[in-house]
Every structure is written in C-alpha cells, then in structure tokens.
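Colleague: Sequence:
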Amino acid sequence: MQKIILYGDDILAGFEHGKVTAQMTQRLQKAFPQTTVINRALPGHRTTDALTHVQRDVSALDPAVVVLFFGTNDILPVNEIKPGIFTNNLAHLFAALSPAQIILVSPPYIDYHKQPARSWPRQLQFELASEHMARKYQLPYINLLKAMQAQQHPQQYLQEDGLTFNARGYDFLTHLLVPLINNCLQRTPSASVLKKAPN
Numbered sequence: 001m002q003k004i005i006l007y008g009d010d011i012l013a014g015f016e017h018g019k020v021t022a023q024m025t026q027r028l029q030k031a032f033p034q035t036t037v038i039n040r041a042l043p044g045h046r047t048t049d050a051l052t053h054v055q056r057d058v059s060a061l062d063p064a065v066v067v068l069f070f071g072t073n074d075i076l077p078v079n080e081i082k083p084g085i086f087t088n089n090l091a092h093l094f095a096a097l098s099p100a101q102i103i104l105v106s107p108p109y110i111d112y113h114k115q116p117a118r119s120w121p122r123q124l125q126f127e128l129a130s131e132h133m134a135r136k137y138q139l140p141y142i143n144l145l146k147a148m149q150a151q152q153h154p155q156q157y158l159q160e161d162g163l164t165f166n167a168r169g170y171d172f173l174t175h176l177l178v179p180l181i182n183n184c185l186q187r188t189p190s191a192s193v194l195k196k197a198p199n
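Going by full-length UniProt numbering, the first residue of the sequence shown is number 1, and it counts up by one from there.
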C-alpha cells in the first residue's frame, strides 16, 4: 500500500487549542482510502529542524508522496532564518526525500494584526522563495498564501490566534491538495520500485 506522508509544522500537525489533532490526516485518509496517510508534522518546527530527522521519520518509510509544508515558523524574526537559508534547507529536504513525489505548499496567509511578528513582508518573501524552488525543481506547488488571500475573508480559515487553521481551513487545504496528490499517485506506481532502479 502506498504511503502519503505529511511533513511540516503547526498546520499540517492539526494544532488546535494547544494540542496536535488528526484534522488533516483524517481528511486525506478519507480522500485516499487505498493509501496509508502518515503525519510527521510537528508544531513549532522550521526547515532547519526538519533536516535533523527527515531520514528517520520520512525517507525511511519509503513514501510515494510527501506533502512538504513549512514556513509558518521560519518567517519568525526570532533566531531569524533568511529566505536564502530557507531555500537552501528546502533543497536539502528535496534531496533527502527523493525519489518520492513531493508536493510543496507555500507558507499560508497569517493574520499579521494578531501575529505582528509574522509580518506581511516576511510572508510575501517566503512565498516567493517557495515558488522559486517549486519552479526550479519542477514540483507540484500550492500557493496557499495567494489562494487564501483570493478569498474575500481569509481570516475565516483561521483560529482565534490568527495563525493555525480551523475546520474550514483544513477543508480548504484538503480541496487544494487532493487533485495534486491524485496526480502524483498516478505517476508513482511504487516508490520502492523506483529506489531499486539502476542509476
């Protein structure tokens, strides 16, 4: 059975009212019952943290598809990560995750009135950095910041903290992910077969 792995920060982890939930995992498992959906997202994580355990927690599981969604915490000015470091970290993650099909998701829209440390200019910088990497590596890409901002009230997808997603936000993200995951699964009959192919 093919595996879909979610690798990211607070949002993919389903962080709600101070606890990790299965909000995202359950939605995707329902959408793809023929697969196993495994969530390896951790609240508070940045791309620098992700690099320390990507082999153990993701690559070792031989996934067919990996949803890679970081940036919510990378954009914080505390222990600042520059956009260039962010893109370099993404490049190392891409290499570690090969040959799995990777879907890259941009940092989301964040209510910067409630989250002033996550300023609008930083949100834009990191979205552009994500988009650049998706184009460079020809990866399926969801510009989540743009998709949320295109809605009349993007705050409708957020909890009271202005950062983490509510049920409507998870429904919205699932709607964007499902067609891309489906395309990836069709292109990847078996990650294990690909790994055994000669160079």
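Calculated from the structure, these hints are not laboratory results.
Keep in mind that this is a model prediction, so the values were computed, not measured.
Just so it is clear, CB atoms sit at the ideal spot from N, CA and C, and this is done for glycine as well.
Any given hint could be a false lead.
As the list claims (entries may be wrong) - Derived lysine-lysine pairs resembling DSS-like cross-links, with alpha carbons at most 30 Å apart: (1) Lys82 x Lys136; (2) Lys82 x Lys114; (3) Lys19 x Lys30; (4) Lys146 x Lys114; (5) Lys3 x Lys146; (6) Lys82 x Lys30; (7) Lys114 x Lys3; (8) Lys82 x Lys19; (9) Lys136 x Lys114; (10) Lys30 x Lys146; (11) Lys19 x Lys146; (12) Lys136 x Lys146; (13) Lys136 x Lys19; (14) Lys30 x Lys3.
To be verified - Quick list of the computed label-pair ranges, beta carbon to beta carbon: (15) Leu128 x Ala60: 17 to 25 Å; (16) Trp120 x Ser98: 32 to 40 Å; (17) His175 x Tyr112: 18 to 26 Å.
Colleague: Take the hints in turn and mark each one as holding or not.
Modeller: Against the structure, the hints:
1. Lys82 x Lys136: Holds, at roughly 19 Å.
2. Lys82 x Lys114: This hinted pair holds, its Cα atoms lying about 22 Å apart.
3. Lys19 x Lys30: 22 Å, holds
4. Lys146 x Lys114: 19 Å, holds
5. Lys3 x Lys146: 28 Å, holds
6. Lys82 x Lys30: 37 Å, violated
7. Lys114 x Lys3: 36 Å, violated
8. Lys82 x Lys19: 29 Å, holds
9. Lys136 x Lys114: Not OK: Lys136 and Lys114 at ~33 Å, beyond 30 Å, violated.
10. Lys30 x Lys146: The hint holds at about 26 Å.
11. Lys19 x Lys146: 27 Å, holds
12. Lys136 x Lys146: Given pair Lys136, Lys146 holds - Cα atoms ~19 Å apart, limit 30 Å.
13. Lys136 x Lys19: It is violated: about 36 Å lies between the C-alpha atoms, which goes past 30 Å.
14. Lys30 x Lys3: Holds, at roughly 14 Å.
15. Leu128 x Ala60: 17 to 25 Å: 32 Å, violated
16. Trp120 x Ser98: 32 to 40 Å: 34 Å, holds
17. His175 x Tyr112: 18 to 26 Å: 24 Å, holds
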